[in-house]
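Participant: What follows is the residue order along each chain.
There are 2 protein chains.
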Amino acid sequence: MEKLFVGVDIGGTNVASGLIDEEGNLLQRDKRPILAQVSQDASLRQIVNGIRMVAEKEGISANELGGVGIGSPGPLDPFQGVALSPVNLPTWGTVPLKKIVEEEFSVPVTVDNDANVVAVGERWKGAGRDVDNFLCATLGTGIGGGAICEGRLLHGFNGNAVEIGHITVDFNGPRCGSGNYGCLELYASASAIARRTSERMERERPKSLLTEAEQITSKTVFEAAQRGDKFALEMFEETGFFLGVGLVSAINLLNVEMVALTGGLANAGDLIFNPVRRTILERGFPGVKEKIRVIPTQLGEDAALLGAAKIAIDGGVFI
Amino acid sequence: MEKLFVGVDIGGTNVASGLIDEEGNLLQRDKRPILAQVSQDASLRQIVNGIRMVAEKEGISANELGGVGIGSPGPLDPFQGVALSPVNLPTWGTVPLKKIVEEEFSVPVTVDNDANVVAVGERWKGAGRDVDNFLCATLGTGIGGGAICEGRLLHGFNGNAVEIGHITVDFNGPRCGSGNYGCLELYASASAIARRTSERMERERPKSLLTEAEQITSKTVFEAAQRGDKFALEMFEETGFFLGVGLVSAINLLNVEMVALTGGLANAGDLIFNPVRRTILERGFPGVKEKIRVIPTQLGEDAALLGAAKIAIDGGVFI
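Protein chains in written order, with my numbering: chain Z, 2 to 320; chain S, 2 to 320.
Quick caveat, the hints were computed from the structure, so don't treat them as lab data.
Some hints could be false.
Since the list gives no way to pick one copy over another, a pair counts as held whenever it fits inside one copy or between any two copies.
Mimicking EDC-like on lysine to aspartate or glutamate, the simulated pairs with C-alpha atoms at most 20 Å apart in a straight line are [what the hints assert, rightly or not]:
{"no.": "1", "residue 1": "Lys290", "residue 2": "Asp78"}
{"no.": "2", "residue 1": "Lys292", "residue 2": "Asp78"}
{"no.": "3", "residue 1": "Lys32", "residue 2": "Glu57"}
In this text the structure is predicted, and so the values were computed from the model without any measurement.
The task is simple: from the sequences and hints, build the whole structure.
Facilitator: Laid out in structure tokens, this is it:
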């Protein structure tokens, strides 16, 4: 009989689980609060119960699964399957996630970074199907990334590869929480567009619909831009330019042929994709830049579930 | 009987060949002018004659070789083994190097980028022995790079991976020949230290031994620094800082645990290694930066010969 797997997507608010077959069909789903603000125990119980639930919905026991793949916020050690005090899960500290879930169900468990499982999911069933050199970037509060290099998910020596949010775009820029200065995510994340818009409004007092907004968020800047607001449109141009600058560095190092973007800012469509693509054509290598495709991801929230399960199906991060 | 291989290192001035066994012993050598200024034909004859010579010195015919591995200046297509108008070989244009040498000797031929073969050689027998995530950078006229990621040489989709000289350190910096702006090699190559030193002397008229130099080169700046010249020492500090900034971006993407430096500037020893290491400790990721070793390469000119041969021994770039 064909084996079934569970993919788990741990977020700061919810934990989602999906029962998935080896062909990548998503058979059952579950989503529940992660309760990481309450306690480590409560949130681990939510994770375990979600896994059990999607198996039972299909009429099987979780002990009969082929394996469980988990995507978890970093930092973490994917080789040992240990979460290392993720910022978004404040009660956690160091949690041996792989060991805990393996002991619960007696099935193999793999753990990987949340940005990595999205990249694997999109490469399996989404934007990066059949693309062997593929970068997937998440534009949210920060900028996360995962890369498939020559057909394999890149981890590096201790699982911290493709921290694309923390490559330098300006050596002289402001300090970032990562320790680096002038990091891409200070210029081109959803948080960054909000912060940079507020700063420019303070400084330049532009004519803009945004002067009437109660709060400046990436969403209010987007809405103003959609209504044709010149200043808001400029902020998207600038943000796309910076994202393009960062992607050119990443492309010059990884030589990927496709970049898929996801997360809040990616939903802005042409407003962000146009300046990104233009900057890559302006700054990329001749012989490379013409071949780069920059597109939105295709699977939405399912990417993480599918990717987490795929890593379990493939037997873990070393495959 | 054990097979023997030839590694070839094509440079802008000379072509070197080495006869190498599968354990990495360098049994015979040859070095002759590449004659690429004369004609494409003349330089291809030099390459073929060098290969034949090292085989014959050992008393075998080149047709009995296990294979030939060639390191050639980029741009090139390592998958097809075709040189694509390398700047340093002005008479070449597009040259199907693999096909030409295979037809000459009827043995398998592999072709790879000159920076890549150095990385493979150093990983096989030099600084990166047993290091699965290893970056090797050459600090010459430009800055080249090759990376071993999880045990495999990284090529990317069309063989242009690890162009570390062309990652951005300042989005607002000057335009580079690569098409990008503010590229690392404009700040931290051997040419860059000479150019930036001249510019600062022009601008700031510092007190320095260098005011008496006939010409400002990386060598004269090095000699002045060795004699304790404060301005020259500052130029090395600044250059090492920029190199560190670029390496932090590369480390945050590739998560390598070792960086080996080679080429003219790397010979400056602590003058360049100290500010590089300090910058990585200042700007790198906690949990990563403490584990990064930055060291000189160990094999000198043999690295390229050994690496080129190793790629042939392993059967080419797809392995």
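Participant: For each hint, tell me whether it holds in the structure or not.
Facilitator: Okay, the hints, checked on the actual structure:
When the C-alpha separation of Lys290 and Asp78 is checked against a cutoff of 20 Å, the pair qualifies only between copies, where the shortest distance is 16 Å, while the shortest distance within a copy is 34 Å. For the identical chains of this complex, Lys292 and Asp78 are inter-copy neighbours only, at 15 Å across copies versus 34 Å inside a copy, given an alpha-carbon limit of 20 Å. Proximity of Lys32 to Glu57 under the C-alpha cut-off of 20 Å is restricted to the intra-copy arrangement: shortest distance 14 Å within a copy versus 71 Å between copies.
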